[in-house]
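Asker: Listed below are the residues making up each chain.
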Amino acid sequence: MIKPDHITTSTCPYCGVGCTLQLHVRDDFIYKVTSPFDSPVNHGNLCVKGRFGYDFVYHPKRVTTPLVRRYLLEGKPKPEGREQVYAISSDGKPIPDSQISNLWDWVETDWDTALNFVADSLVRIYRRDGSDAMAVYCCAKATNEDNYLLQKMYRALFRTNNVDHCTRLCHAGSVVALQQAIGSSAMSNTASQVIMNDVFIVTGSNTSENHPIIALQMKEAVMKHGAKMIVVDPRRIDLVDMAEMWLALKPGTNVPVFSAMAHVIVKENLVNWEFVKNRTEGFDEFLESLEKFTPEYAEEISGVPAEDIRKAARMYARAKNGAIYWGMGISQLSHGTASALALIHLAFLTGHVGRDGTGLNPLRGQNNVQGASDMGSMPFHYPGYMRVDNPENRAKWEKAWNVEEGGLSLKLGLTTTEILSHAHEGGVRALFIMGENPMMSEPNLNETRRHMQELEFLVSQDVFINESGAFADVFLPATPFAEKDGTFSNTDRRVQRVRAAHPPRGLARPDWEILCDLAKRIEARLGRTNSAYWDYKHPEEILREMAGVNEDYAGITYERIDKVGLIYPVPDLNHPGTPTLFTESFPRGRGKFHQLDYVPVMEEPDDEYPFILTTGRLLEHWHGGTMTRNSSLNEIYPEARAEIHPADADIHGIKHGDPVRLQSRRGEVVMRATITEKTSVGVVFIPWHFAEAAGNLLTNDALDPQAKIPEFKACAVQVFPARDGDLPNPEVMLDRGRY
Amino acid sequence: MSDNLTLVIDGQEISVEQGKTLLEAARENGIDIPTICFHEATTANALCRICVVEVEGMRLLQPACIVKAAANMKVQTRSDKVVRSRKTILEMLASTMDLSDAPEILTMMDEYGASHERFPDAERRESDIKDDNPMYIRDYSKCLLCWRCVQVCADDAQYTYAINFEGRGYESQIGTFFDKTIPETTCVMCGQCVGVCPTGALKPKRQFLLEQGKTPSEISVMNTGRKQRKPR
Numbered sequence: 001m002i003k004p005d006h007i008t009t010s011t012c013p014y015c016g017v018g019c020t021l022q023l024h025v026r027d028d029f030i031y032k033v034t035s036p037f038d039s040p041v042n043h044g045n046l047c048v049k050g051r052f053g054y055d056f057v058y059h060p061k062r063v064t065t066p067l068v069r070r071y072l073l074e075g076k077p078k079p080e081g082r083e084q085v086y087a088i089s090s091d092g093k094p095i096p097d098s099q100i101s102n103l104w105d106w107v108e109t110d111w112d113t114a115l116n117f118v119a120d121s122l123v124r125i126y127r128r129d130g131s132d133a134m135a136v137y138c139c140a141k142a143t144n145e146d147n148y149l150l151q152k153m154y155r156a157l158f159r160t161n162n163v164d165h166c167t168r169l170c171h172a173g174s175v176v177a178l179q180q181a182i183g184s185s186a187m188s189n190t191a192s193q194v195i196m197n198d199v200f201i202v203t204g205s206n207t208s209e210n211h212p213i214i215a216l217q218m219k220e221a222v223m224k225h226g227a228k229m230i231v232v233d234p235r236r237i238d239l240v241d242m243a244e245m246w247l248a249l250k251p252g253t254n255v256p257v258f259s260a261m262a263h264v265i266v267k268e269n270l271v272n273w274e275f276v277k278n279r280t281e282g283f284d285e286f287l288e289s290l291e292k293f294t295p296e297y298a299e300e301i302s303g304v305p306a307e308d309i310r311k312a313a314r315m316y317a318r319a320k321n322g323a324i325y326w327g328m329g330i331s332q333l334s335h336g337t338a339s340a341l342a343l344i345h346l347a348f349l350t351g352h353v354g355r356d357g358t359g360l361n362p363l364r365g366q367n368n369v370q371g372a373s374d375m376g377s378m379p380f381h382y383p384g385y386m387r388v389d390n391p392e393n394r395a396k397w398e399k400a401w402n403v404e405e406g407g408l409s410l411k412l413g414l415t416t417t418e419i420l421s422h423a424h425e426g427g428v429r430a431l432f433i434m435g436e437n438p439m440m441s442e443p444n445l446n447e448t449r450r451h452m453q454e455l456e457f458l459v460s461q462d463v464f465i466n467e468s469g470a471f472a473d474v475f476l477p478a479t480p481f482a483e484k485d486g487t488f489s490n491t492d493r494r495v496q497r498v499r500a501a502h503p504p505r506g507l508a509r510p511d512w513e514i515l516c517d518l519a520k521r522i523e524a525r526l527g528r529t530n531s532a533y534w535d536y537k538h539p540e541e542i543l544r545e546m547a548g549v550n551e552d553y554a555g556i557t558y559e560r561i562d563k564v565g566l567i568y569p570v571p572d573l574n575h576p577g578t579p580t581l582f583t584e585s586f587p588r589g590r591g592k593f594h595q596l597d598y599v600p601v602m603e604e605p606d607d608e609y610p611f612i613l614t615t616g617r618l619l620e621h622w623h624g625g626t627m628t629r630n631s632s633l634n635e636i637y638p639e640a641r642a643e644i645h646p647a648d649a650d651i652h653g654i655k656h657g658d659p660v661r662l663q664s665r666r667g668e669v670v671m672r673a674t675i676t677e678k679t680s681v682g683v684v685f686i687p688w689h690f691a692e693a694a695g696n697l698l699t700n701d702a703l704d705p706q707a708k709i710p711e712f713k714a715c716a717v718q719v720f721p722a723r724d725g726d727l728p729n730p731e732v733m734l735d736r737g738r739y
Numbered sequence: 001m002s003d004n005l006t007l008v009i010d011g012q013e014i015s016v017e018q019g020k021t022l023l024e025a026a027r028e029n030g031i032d033i034p035t036i037c038f039h040e041a042t043t044a045n046a047l048c049r050i051c052v053v054e055v056e057g058m059r060l061l062q063p064a065c066i067v068k069a070a071a072n073m074k075v076q077t078r079s080d081k082v083v084r085s086r087k088t089i090l091e092m093l094a095s096t097m098d099l100s101d102a103p104e105i106l107t108m109m110d111e112y113g114a115s116h117e118r119f120p121d122a123e124r125r126e127s128d129i130k131d132d133n134p135m136y137i138r139d140y141s142k143c144l145l146c147w148r149c150v151q152v153c154a155d156d157a158q159y160t161y162a163i164n165f166e167g168r169g170y171e172s173q174i175g176t177f178f179d180k181t182i183p184e185t186t187c188v189m190c191g192q193c194v195g196v197c198p199t200g201a202l203k204p205k206r207q208f209l210l211e212q213g214k215t216p217s218e219i220s221v222m223n224t225g226r227k228q229r230k231p232r
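Chains as they are written, first to last, in the working numbering: chain F, 1 to 739; chain R, 1 to 232.
Derived from the structure by calculation, the hints contain no laboratory data.
Glycine included, each C-beta is placed from N, C-alpha and C at the ideal position.
Simulated crosslink set (DSS-like; lysine-lysine; CA at most 30 angstroms straight-line): (1) F/3 - R/214; (2) F/61 - R/214; (3) F/78 - F/520; (4) F/563 - R/20; (5) R/180 - R/130; (6) F/3 - R/87; (7) F/520 - F/76; (8) F/277 - F/292; (9) R/20 - F/224; (10) F/311 - F/678; (11) F/678 - F/224; (12) R/130 - F/3; (13) R/81 - R/20; (14) R/180 - F/655; (15) F/224 - R/68; (16) R/180 - R/214; (17) F/678 - R/180; (18) F/61 - F/78.
From the structure, some residues in chain R lie toward chain F, with a derived Cβ separation under 8 angstroms: (19) 100; (20) 101; (21) 157; (22) 183.
Anything over 12 angstroms on all C-beta distances counts as not near chain F; from chain R, calculated: (23) 14; (24) 32; (25) 58; (26) 118; (27) 170; (28) 171.
Working from the sequences, and respecting the hints, build out all of it.
Answerer: Okay, here's the thing in structure tokens:
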């Protein structure tokens with residue numbers, strides 16, 4: 001029996017639940033993960049990713065030496081055309097690839113060389129083309145401190161708000177809706193309050209696979225506390241087994257279904273009039289717009305029986321404590337903002353918000369997507385959701401960053417998707433990517449690829465060379481969660497510590513250190529008189545600088561969150577945190593009803609492309625797969641599978657395990673079919689984690705007009721039988737018994 | 001407080017809330033009762049019986065983890081009868097299973113003067129290590145049937161129901177339905193079971209490999225490129 005050299009307490013780097021991990025380390029190697037049974041979020045429970053998925057830290061393909069392209073090192077002009085080059089051997093070393101111009105080879109180098117190339121190139125492009133040519137992707141996996149520094153670097157040094165991250169692809173619709181209706185952008189209550197609900201709605205969220213620990217609490221609420229769960233989802237997800245009702249709507253028909261529920265609540269006089277009168281505005285206009293949303297109208301569009309809509313509406317409205325939990329199925333649509341507003345209306349009508357055990361709860365997908373947003377990694381906001389086009393906000397940050405008066409930009413920046421679509425002469429020329437993987441996560445990847453190739457200069461700061469990093473000019477090896485200190489803010493606003501379990505591998509450095517080093521080099525080249533300040537000794541100093549201006553974090557110190565995290569807003573050093581928001585009022589004053597219309601998805605099925613394709617995630621994998629595909633998690637789920645309903649499979653003569661070719665107007669992929677009633681007739685589901693059969697080659701890049709979130713959840717495809725030889729991975733065939 | 005009741009444990013008068021077990025009553029007042037199968041995060045089932053105590057007026061020793069404290073109870077946690085029972089339980093465990101990964105039980109044996117050789121003729125419960133997935137191994141030679149893994153897989157945490165008891169009497173063991181491999185069961189590989197196993201019968205694969213003498217770099221390479229293929 002082996003004993004650990006030490007046990008490091010940290011926070012899980014995967015989904016937004018924020019489970020506490022105890023990393024058992026021996027010889028600088030994590031061999032076991034446990035969780036304390038008194039941990040506030042997860043009570044000792046973990047999922048497969050948290051408990052076993054940390055081994056990507058030691059994967060041989062991890063790159064731990066700075067890499068630059070040969071053309072830079074040899075001082076040659078950049079070769080024509082940007083190629084996607086991995087050229088990394090199985091032991092993390094660059095290998096020359098004879099298939100391509102050797103000027104694109106990766107060459108190992110030292111930090112000085114790599115960072116000087118980055119600083120020189122960025123400053124050269126900034127001097128030539130100005131702020132609009134500069135753009136950056138922050139990272140929902142990195143710490144608050146890393147994100148704060150990166151947006152500070154771009155705002156204070158390059159004077160641009162072209163700062164965004166993958167929240168745009170995830171909950172942007174929810175965030176915009178919450179801001180319009182309430183003035184907030186996070187879960188109103190904590191996930192652990194689910195056991196206080198007596199009725200709750202789960203919609204557009206496959207919680208068991210994407211937030212496994214919250215799903216356990218939902219199951220506990222049903223099994224041990226007598227709560228009733230209503231699942232509204234096109235797929236027969238695991239939670240349906242324990243649900244009181246399952247409303248199987250057609251993808252993209254949230255607005256009619258939830259508006260019809262509102263219709264029932266109004267018509268049957270189940271409205272909490274006191275709440276509507278005292279806490280909301282715009283009800284009369286809303287009522288007019290609601291008239292057309294009869295349950296029968298919704299049934300016609302969504303396929304959900306009108307009677308079920310009535311029953312669900314009554315159940316939720318009559319609950320003592322009702323709550324709504326939602327995921328990407330609401331927000332990832334060209335009307336994602338409207339979908340989220342339809343949910344917010346239900347809470348307004350019934351008053352199921354502002355008390356313990358109620359609430360409007362968007363479940364955030366990544367460990368720190370909430371924190372990255374809080375840190376201002378967004379084109380319209382400084383840290384603390386302070387609008388960039390407000391001169392008062394600008395003055396505060398100019399003071400904090402020693403920027404001359406009027407120095408920071410008031411111009412709204414470009415969003416994630418816009419940054420790439422502006423990658424051309426006269427548009428965005430240089431892109432810095434920290435930890436993200438747009439070549440997997442953007443919709444319509446063939447188009448994304450063309451945009452990536454248009455970039456003049458691309459930096460990737462990551463742990464692996466992923467599908468996006470393979471396009472980069474310089475690769476900066478950063479550290480994963482296990483090798484750095486900082487904080488993550490989880491989905492229910494709890495700010496928790498991340499701690500290094502062992503020193504970085506090779507030459508890798510924590511992101512915040514790399515960014516400070518780089519920023520100083522850029523600042524020196526720009527010749528600015530005042531430094532924005534980059535001499536932090538420890539990440540805590542970074543958090544304190546941010547908390548000095550961002551009031552939500554004002555009372556958070558590393559000392560206070562040493563054992564248990566704090567739930568922001570924490571306005572001062574003695575404040576205990578705020579698990580339940582909006583008890584007295586909403587940040588914008590009164591909650592605002594909006595008038596909604598039903599807008600169909602941009603691409604409806606037709607004769608040529610008769611299936612609706614919907615995409616999502618798997619328990620074993622995580623987003624673009626940079627971490628999980630380089631982990632033993634990949635062994636237990638090694639390939640993408642297309643879920644097809646037996647009725648559809650019969651018509652097309654497709655059997656379980658057969659290879660199928662899925663084709664949309666934008667691209668095609670080949671994978672094996674799983675014949676299952678988990679999906680509905682006419683709907684095909686695929687996961688998007690697998691680069692060799694990337695779901696986002698098919699998806700539609702139509703955007704929500706307000707939130708700019710792409711329509712990942714519905715597009716039209718055709719399914720053709722394929723041959724084994726067409727499969728990217730013909731030898732793999734693994735059936736799992738899990739849901 | 002009106003909800004409290006008074007009892008005597010080891011001569012000490014103790015006031016506890018109604019509904020508490022004897023184990024909770026004792027521990028709240030600094031009296032140690034040893035436990036093996038009990039875990040604060042799982043339902044107590046009084047399987048291992050190491051927590052037995054003597055209650056005046058009751059014919060048999062009572063498992064403290066499930067027996068509720070009652071008014072005026074007189075409880076002894078270290079009587080001769082209790083100590084002899086615990087010692088025998090430990091000796092029976094040591095005679096049938098591999099305790100090498102259960103340091104707490106080994107310490108307990110020292111404390112109670114329990115002998116590893118008390119029952120030299122006992123048939124040991126031995127089975128091959130089940131290594132059927134990349135996340136954890138199952139070594140039931142080290143299993144004392146505490147039931148924690150089955151419970152966290154079921155209603156105590158995960159609601160997954162992948163494992164249960166199989167066999168009867170001496171043949172009882174933890175297993176999967178129809179003896180399927182772990183990936184083929186409903187198992188989601190959350191490892192809740194590994195987290196509550198008190199004897200190292202369930203162990204993370206990487207810890208197992210380190211103990212087999214593999215180096216971290218050898219283990220890291222093993223995790224790559226290997227594909228599980230289903231025999232067709």
